[in-house]
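Let the sequences and hints guide you as you build the complete structure.
These protein sequence lines map, in sequence, to chains P and B. Residues in the first sequence are numbered from 1269 upward in steps of one, following the working numbering. Residues in the second sequence are numbered from 10 upward in steps of one, following the working numbering.
Some hints could be false.
[Stated by the list, open to error] The list that follows gives simulated cross-link-like pairs (lysine-lysine, BS3-like), each with its CA atoms no further than 30 Å apart: (1) P:Lys2091 / B:Lys222; (2) P:Lys1933 / B:Lys276; (3) B:Lys301 / P:Lys2059; (4) P:Lys1933 / P:Lys1419.
No lab work stands behind these hints, which were simulated from the structure alone.
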Amino acid sequence: MPQETIKKWKERYFKTKSSADMEFPYWYSREWFENDGEINIVRRAKALKRAFTRLTPSIFPNELIVMGKTRNMRGSYPMPWLSGSYFMAAHDQLYKDALDCGKLSADKLTKFGQGGGNVTKSGNNVISIAGKFGLRKEELPMLMEMVKIWKGKSVEDIGHKYEKLVPQYKQKEAIMKSLVCMFDSGYTIPQGREVMNYYYPLQYGIDGMIDFCQKKINEVAGRPDMDRLYFYKSAILSLEGVKTWILNYAEKAELLSDKEKDSERKRLYAETAERLKWLSSNPPRTFHEALQLCWTFHIAVLNEDCISGMSPGRLGQVLYPWWKKDMASGILNKEKTMELLECMRMKFTELDCFASMGVVGGVLSGNTFNNLSIGGLTKDGQSAANELEMFIIESGMTCATPQPTLTILYNEKLPEEFLLKGVQCVKTGAGYPAWVNDQTAMDFLMRNYGPEGMTTQDARAWAIGGCLETSPGAWMPLKLDGKTHWIPGGSAGATSVGVHFISTPKILELVLFNGMDKRTGLEVFKDHDYKLKTYEEVWLAFKDYFSQAVDVLCLCNNVQHDAWRKITPPIINSALKPDCLEKGKDIGQKGSRFNATFNIEVCGGINFVNSLASLKKNVFEEKNFTLEEMKDAMIQSFGHESKEKADFHSKGERVKNAEQRKWIKIHKLCLDAPKYGNDDFYVDSIFKEWEDWFCAMCGNFISLYDKPMYPCQISVSTHGSMGAATMAAPDGRLSWTTFADGSVSAYPGTDKNGPYALFNSATVWDHSASQNSQLNMKIHPSVVKGREGSKKLLEIIKAYLRKGAFHIQFNVVDSETLKDAQKHPEKYRELMVRVAGFTQYWVELGKPIQDEVIARTEYCEIA
Amino acid sequence: MIQKGTIFDIQGFSVHDGPGCRTTIFLKGCPLNCKWCCNPEGIAPYPEILFYKSKCAINDCDGECIESCPNAAIIGGKKSANINTLKCGKCNGFACVSQCYYDAIKISGINLSAEELMKKIRRDRQYWGAQGGMTLSGGEPLSQIEFTAEILKKCHDAYIHTAIETCGYAPWKSYERILDYTDWIFFDIKHMDSAAHEKETGLPNDLILENAKKIAASGKCRLIFRMPLISGFNDSRDNIIATADFISNAGTKEVNILPFHNLGRSKYSLLGKEYHYKNAPSFKLKDVSEIKKIFQKRSIKCYPGSETPF
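Okay, here's the thing in C-alpha cells:
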C-alpha cells in the first residue's frame, strides 16, 4: 500500500477511541427473549442471526479488506448474556454484590494506560465503561436495561448460582478477593487462546456449509443423539446471519460506489460489492477473496462471544495456494500483495475486546492477541515457510502495528533466509516476531493429546493461539484447481481456560502468615499446622495451599464453563472447527478433534523461587534472622512507603519511610540471597524442583471435558496487577510492586552474569512438560547493529532454543527512549514495546507495566 | 601449577571482539596508562574498589563500612562517605562491600582459577553458535601471562576459537608462548611517534612495534590492528599515513579503527581517578572516511567501529 495511504489510515486509527455500542446486544437480546421456550442452542442461533442481520455496515476510505465487528472503527460491545456486573455503575447493587464475592478484585488493582485509544474518563456525551470503552450517553439507558433483563440469566449469574454448591466455595471467594487468583475464566473470556480454522468456508463457501448441514439434518432427524439435529439447525441459522451481514456490506459498498465521484474509488467500491456478493454464497476464487473471507469469519467468531487470543494461525500457509495461483496468472504482484497484507494488519489492529477492566487491562493490556504463526513444518515434515510468509514479515515492518503479532515456529529445517528476515523484523524494534520451539511444542502436544489419538503428523499442524498458548491443529485437504493442498488450522476450542493465574508469591506469603491475608484481613486458607521450623516444611505447606487453591478453582471454573456451554454454546466457531460439523456436536460437547484443553496458569514464579532461596539460606541454613523477623520485615515492606502514598510500581523507585533504617540489614541479606538467572545451582535447583512438581501436579485435576489439566506459564500483564496485591517478599521485592514478567525472565536487574548464564538457569527443567514458557529480553540496538549483528542475533536465538527452551522474544530498544516516552507520551504515539507475549503501543500500557519494562535488564556492551 | 587469574568482567554475547558470538574475559593489569582508557579499572593488577558516591546514603545507615575497613580508608561525610583510594586496596577482604545496603561499593576484580574460568567458558560455548569463541581482553592479558597461556592452550585443545586483545607491550617471549594457541590477535597501535606515545600512554612504542612485526612475520595467527582514534593525539594525517605504512610494511592487511568515545568516564570517578579526556570530543563515524581512504590506498582493509565483517 502506498506509504501515504497507510500513514493516513494510521493517523485515523490513532485518533479513534475504543467505542462500545448497543446494536448487537439489543437485537440479540430482543430475539432471545422473543423465543422463550425454544431449544436453547437454537434460541441462541436465532439471536445471533438477528444480531448479525441488524449490524449497520461501515466501510472506511481505502479499505481493500472490509467489514468490522461493529459500525465503529475500534468497535466492540458488552455481552450482558455472558456477564454484566463489571460495567455497572459503582453505586449499583449488582456491582456491590460482585465486589462481595471477589469477582472484581482484579479490576480494583488494575491500571490502564491513560493514552492512545483508551477512554478512561467520562466526558461530554461519552460515558467510560469498564475502564476503557466510550459509550454514547444516549445508549447508556439501553445498556442498563439490558443488564437488568439479563440479571439472573447470564452465564456469570447461573454459573455463580451453581459454583456455590462446590463444597469449598467460601474459600474460593477469599481466593478471588485476596487476588491469589486473577480472574474467573467461564464468563470473562470463555473462548480464544486458540487457532482459527478457515478451511470449510474456503473450500465450500457459506452455501456449501449450509448444504452440508441440511444433508446432515436429513440423516439425524428422529434418530438417537438428537442434540445433533439442533446443532445443525443452529449452524444453518448462524451461517444465514453471517450471509446477510456480508450482503449488507455489499449493498453499502454499492451505495458508496454510486455516490462516489472519484473514478478510482468508485471502481474500488464496486469491486468490493461484487467480491462480497460472491463470497456471501461461494468459496473464494482469488487470494484477495480468500483473505477477505478469512477476515469475515474471523470477526464473525469474535462477535459470537467475548474472546481474546483468537489467532489466525498459519494464515500464510492457508492462503498460499491462492497466492501462488494469482502470482502465476499475473492478477497479483508483489506490490498488490503488500497492499493487501498491510490492509489486513490495519484491520486486525482495529480490533478491540470488550471484557472487564481486570481482564482487558490487568491481563491483556488492551491487546487482542491475534497471533499469526509462520514457519514450522508441513504435514510430511518439510520446512513449511513460504514466499508469502516473507511478505507477511515484510508487511510487519512496512506497516508496524501491534496486530497481528507474528510468531516464528522455529525448526532446524527452516531456511536461513527466512530466519534472517525474521531477525531483520525484530531489529526494527516492533517486538515481533517471537520465536518458539517447534520441536518442544510438538513434544508437549504429543504428551497432552496423544491419548486422544494425535499423531506426529497431526502435531505438525500446530500454531500459537493467543499470546503464547501452544494449540493443536489439523491438516485439511484443500482442493483448488484439481490439486490437493494440505493446509493447517486449529482443531480445538480455547486452549487456555480453567484456573487463571495463581500468584505463587501470594501463596508463599499466605504460608508464612498461616493462611491470613494481611491486605484484606481474610482467612484464605485454614491454618496449615506446620511449625515452619525447616525449609522442607515451608515447601510442604506451600504444596498444600497451592493444591487447595487449584482444586477449588478447578471445580468452580468447571461449573462456570458448564454454564457457558449450556447457555451460550459456541456455534460459528464450532462450525469451523474440525470435527464438529462431522460429529454434529459443538465445541462444548467435545465436538472438536482435541479436547484436553483446560490449563492451570501461574504468575510470579521467579519471585517465588527467589523468595524460597532467600528463606532457605537466611532463615534455615545460615540463621541470619528468624522467620518472625522476616515476616515483620515483609509487613513493613523493609521500611518503604506503601504504593498508595508513592506512585511507584517497580523496585527502581524506592520511597523510604522513617523506619527504614531498622530493616536495612535484613533487606540487604534478602537482596544478596542467590537469584535466579545467574546459573547459580543453589537457586536453580529450587526452580527445577518447583517446575517439576507443578508440571506434574496439574494432571491430577480434571477438566469439564474429563481430561487432565496442564500447566501454562505466561504472565501476560498479570505480573502488574497480582504484584499489586502481594506484600514484600523474602527475595527483597517491596510490597505491592510488579513481579518479574514471563515465566523464565529474571527479576529486573538480578541477572548479573549475562544472557548465557540466564539461558542456563532457564533450561534446568523440561519445557515440553508445559504448554509454554516465556523469556523476554531487552537488547540495546547497538549490540545487533548491521549485517553481522543480524547473524549474531539469530545465533543467540538458535542457541537458546537448541537447549530445548520454548520461547524467546526481544525488545530492541534503548531504555533512555522508554524513560523519555513515559515523560512525553505525546511524542511517542507510534512507539511499540513487547510486554509478555504481545506487542502493544507504549501509551496504551498501564504504568505498572511501563515501569517493569523500563526496569528489565538491558543487554548492552561496554566497549 | 594452580595459577589464579584476576578478572574484572566476563561478558557473554560479546559481539565485536572476534568472529561470531563470543565470551570476552577482561583481565586486570596493564603496563600502559593511556589517559583516554575506557576501561580504567583494568589498569591496576589487583582488585580494587568502585565507589558509587551518588548511591551512598551515609545518613540513612549506620555506616558499617567505616568500621569494617582495616585501613581506615573510609571516612564519613556530609551526604556520603569518602574513600581514600591510596589507603584502600591493601586488604583482600573488602569487608566494606558486603556491608553496604545501597550497593554503593563494589569490587572490580575477582580471582578465578583456570579451571573455574574454563567451566564458565564451557557453559557459554553451548550458546555461541558455529562462529563464536573466547576472547581475552583487559587490561593487558599478557600481563598475566601464566594464566593467559594456560587458558589459551586449554581452549585451543578443546577446539575453541581463541582471540586476544593486546596493547603490544609485553616481552616477546610471552607472545611466543601463546602464538600457537591463538587464532586471532587484535593488536593496538596508538601512535607511531615514540615520544608522543610515551606522553599519553606512559611508555615508548618501540617494543610494541617490534612485537607487531614479529607476530606478523610468524604467520601464525590472523593479526588485526586496532587503532583508537583520539582527536588531537593521533588523528593527524601524518600519523595515519605513518601507521598505514607501518601496517603495510609489516605485511598485514587489516585495521579496525575505534573512534574515541567517553562512555568510560563514569568509571574514573568510581575509582577516584582524574579523567583527562572528560571534555574531549567524541569521534563521529562519518569523520573517518578520509582516514579510511589512506588505509585503503595501501590495500589495507579498514573497519570503522563496530562495522566489522565478523
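Consistency of the hints with the structure:
This hinted pair does not check out: lysine 2091 of chain P and lysine 222 of chain B have alpha carbons roughly 55 Å apart, beyond 30 Å. Proximity of lysine 1933 of chain P to lysine 276 of chain B is assessed by CA-CA distance (about 28 Å); at most 30 Å being required, the pair is judged to hold. Of the supplied pair hints, the one linking lysine 301 of chain B and lysine 2059 of chain P holds, its CA atoms being roughly 25 Å apart against a limit of 30 Å. At most 30 Å may separate the alpha-carbon atoms for a hinted pair to count; lysine 1933 of chain P and lysine 1419 of chain P exceed this at roughly 55 Å.
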